[in-house]
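Undergrad: For the record, the sequence lines run as chains A and B. For the first sequence, position 351 matches number 362 in my numbering, and the numbering has no gaps at all. For the second sequence, position 61 matches number 124 in my numbering, and the numbering has no gaps at all.
Treat the hints loosely; a few may be bogus.
To be verified - Distance condition first, Cα-Cα at most 27 Å in a straight line; then the derived DSSO-like pairs of lysine-lysine: (1) A/Lys174 with A/Lys84; (2) A/Lys104 with B/Lys126; (3) A/Lys259 with B/Lys260; (4) A/Lys104 with A/Lys259; (5) B/Lys126 with A/Lys259; (6) A/Lys284 with A/Lys259; (7) B/Lys258 with A/Lys259; (8) A/Lys405 with A/Lys84; (9) A/Lys405 with A/Lys378.
To be verified - Quick look at which bits of chain A chain B covers, simulated, 3 or more residues with Cβ under 8 Å: (10) 176 to 188; (11) 442 to 451.
Please keep in mind that the hints were generated in silico from the structure rather than gathered at the bench. All figures in this text were calculated on a predicted structure; none of them were measured in a lab. Yeah, the Cβ is synthetic: ideal placement off N, Cα and C, and Gly gets one too.
Residues per chain are reported as follows:
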Amino acid sequence: MTGQRLFDKVWDRHVVASPEGEPVLLYIDLHLVHEVTSPQAFEGLDLARREVRRPDLTLATMDHDVPTIGIDKPIEDPMAAEQIARLRDNCAKHNITLHALGSVEQGIVHVIGPQLGLTQPGMTVVCGDSHTSTHGAFGALAFGIGTSEVEHVLATQTLRQAKPAAMAVNVTGELPSGCTAKDLALGIIRTLGTGGGVGSVIEYRGPAIRALSMEGRMTVCNMSIEGGARAGMISPDDTTFAFLEGRKYSPTGADWEGALDLWRSLATDPDAKFDHEITVDAAALRPAVTWGTNPAQSVSIDDVVPDPAGFATPALQQLAERALTYMDLKPGIAIRDIAVDTVFIGSCTNGRLEDLRQAADVVRGRKVHPRVRALVVPGSGRVKEAAEAEGLDKHFIDAGFEWRSAGCSMCLGMNGDILAPGERSASTSNRNFEGRQGPGGRTHLVSPAVAAATAVAGHFSAPGDL
Amino acid sequence: MAGVQQISGRAVALNRRDVDTDQIIPAAWLKLVGRTGFADGLFSAWRSDPSFVLNQPGANQAKILVSGANFGCGSSREHAVWALQDYGFRAVVAPSFADIFRNNCVNSGVVPARVSEEASGRLFATLAADPQAETVVDVAARTVAIPSAGLSELFELDGFAQWQLLEGLDDIALSLRHGTSIEEYEADRPNWLPKVKTL
């Protein structure tokens, strides 16, 4: 028998039942809930007169459409207010812990789970949000689900799942200085393509992955879905354990030792085989900037906007042409010559303390370009608090950034933090789809360091350019 | 949820790949708290272009959407399926689907019919020649056909999803049949696994 992969080990530990001819029933260790994808699930539950099976394994917060300014005032948008009120009512009714707006524990669902120590190796974690893949950084099997599945988990604490394929993304070499986990994530997706991971769970492997902090690993796993993958995972190691030790929900004492034994046993066996495998050379990467309307359409900051004719298939050529029309770009323009109107630093991809430190390092003692609107939205109340304790907020505010409260904000523009039609942003978020940050808005995905340098220069720049 | 055996009607051909859920239903529409009222939001940005396929005569009568690979990529929003459904679509035919979107379709009673790239090409060519052609998606036979052109293509759909769609099954009731297994599993879970609260 060949060895098992991390993914198999976690999967097998969670199979509740495998009825003949049906997908298996998989137990869910942690269910994260937010205001946007849950109201219809709770309504379905109530209509069928069903209860939440495990309120103790369910945690709710509000992040998608919460305001990031004036959070002590009533929410102006009546629809957002209604949705948030629904979440409060549903959590109260079903005895679910809610980290509500105004609480220091509130924040983006994928930032607060790990920060509380709720996300642990070997667990299954789901949420009605595609970026749930973030939690795979801990060696958890974590994936996004739809609202019907949210209802299913609330009622049964299980999900019906056909087992996905296992893909290895081997990252060789060392990331050059100036390159971050975000540049690596964009580089991987460029290699994989937007649909390359469909039907698969990715395991990120290799020395460049081992060298990443937990924050960096979360950034990489977060964007697995942008390559189409069901989930992304990284074997837990001492970096993982050091991050978890002493957190609110981490095991303690003898339990901690027992947990460590289990967690150490989860790594993929040396003789295990993967269904698919790709290799990315980290040493060849440079800071990345997307030029198109999907996250696979990126180049190095040193490069130019590509010519659609250079793409391999007619479908990809057509896609590139459409993207350039939407983005109002011409082939051959140097990326550094593209000016931006807005810079957004935040999101579940890059809204953690390490990201804010990287950006603050660049803006310290400098000024945001007069034409640019720049905002920093910490990923959680705790991230905001920690950043303020280090004085990062001062650097941002002195430079001319807006310093906001936690939420998804301009990543998806549900809360009123949006681009105007035709505006162009440098954004540390995860999706550059048409209209993602506001109807008609044009999004370029970058790392926090490039976003910060771009805010200062007014056009795409790396910190070394300043 | 009602079962779905066969869908016949007009098809709309949206010949592009990587159609993402932000296009299918923009985020501004996700503030609705019900499962209906999404029809006007369906592809709302693209519908401002008069040449867009949904602006062609008869498109509002269509029941089948034919599109390119990796349809429904991006966010997990089931609102994308509800928007398609609200507009009148009962099936989407494409060479591949994003995983979450595909599950959402099955759970909401919309047929995600996965055809080969070659079959997809033949369907687009046939619909380009005759946009009004009646198209038939048969869930039991797993075929998508355009009878007037003598075209019939097989599609892939796993047996469980097919059963769920044909019978309109309550997935939760099916899982609750395994209540004893769930209880046994829970009894064996390590005590140190995190609990958000003590009940």
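Undergrad: Taken at face value, is the distance from the CA of A/Lys259 to the CA of B/Lys126 at most 27 Å?
TA: 51 Å, violated
Undergrad: For the region 176 to 188 of chain A, does the count of residues with a C-beta closer than 8 Å to a C-beta of chain B reach 3?
TA: Since 0 is below three, the answer is violated.
Undergrad: Would the hint linking A/Lys104 and A/Lys259 be met if the CA-CA limit is 27 Å?
TA: Satisfied, since the Cα-Cα distance of roughly 25 Å is no more than 27 Å.
Undergrad: Does A/Lys84 lie within 27 Å of A/Lys174 when you go C-alpha to C-alpha?
TA: This hinted pair is violated, its Cα atoms lying about 46 Å apart.
Undergrad: Three residues minimum, CB to CB under 8 Å: does the region 442 to 451 of chain A make the cut for coverage by chain B? Let me know.
TA: holds (count 7)
Undergrad: Taken at face value, is the distance from the CA of A/Lys259 to the CA of B/Lys258 at most 27 Å?
TA: 11 Å, holds
Undergrad: Straight-line Cα separation of A/Lys104 and B/Lys126 no greater than 27 Å?
TA: This hinted pair is violated, its Cα atoms lying about 39 Å apart.
Undergrad: Quickly compare the C-alpha distance for A/Lys259 and B/Lys260 to 27 Å and report which way the hint goes.
TA: 12 Å, holds
Undergrad: Is the Cα-Cα distance between A/Lys405 and A/Lys378 27 Å or less?
TA: 12 Å, holds
Undergrad: Would you mind confirming whether the straight-line C-alpha gap from A/Lys405 to A/Lys84 stays at or under 27 Å?
TA: 24 Å, holds
Undergrad: With the threshold set at 27 Å, check whether the alpha-carbon distance from A/Lys284 to A/Lys259 stays at or below it.
TA: This hinted pair is violated, its Cα atoms lying about 36 Å apart.
The structure shown violates the earlier hints numbered 1, 2, 5, 6, 10.
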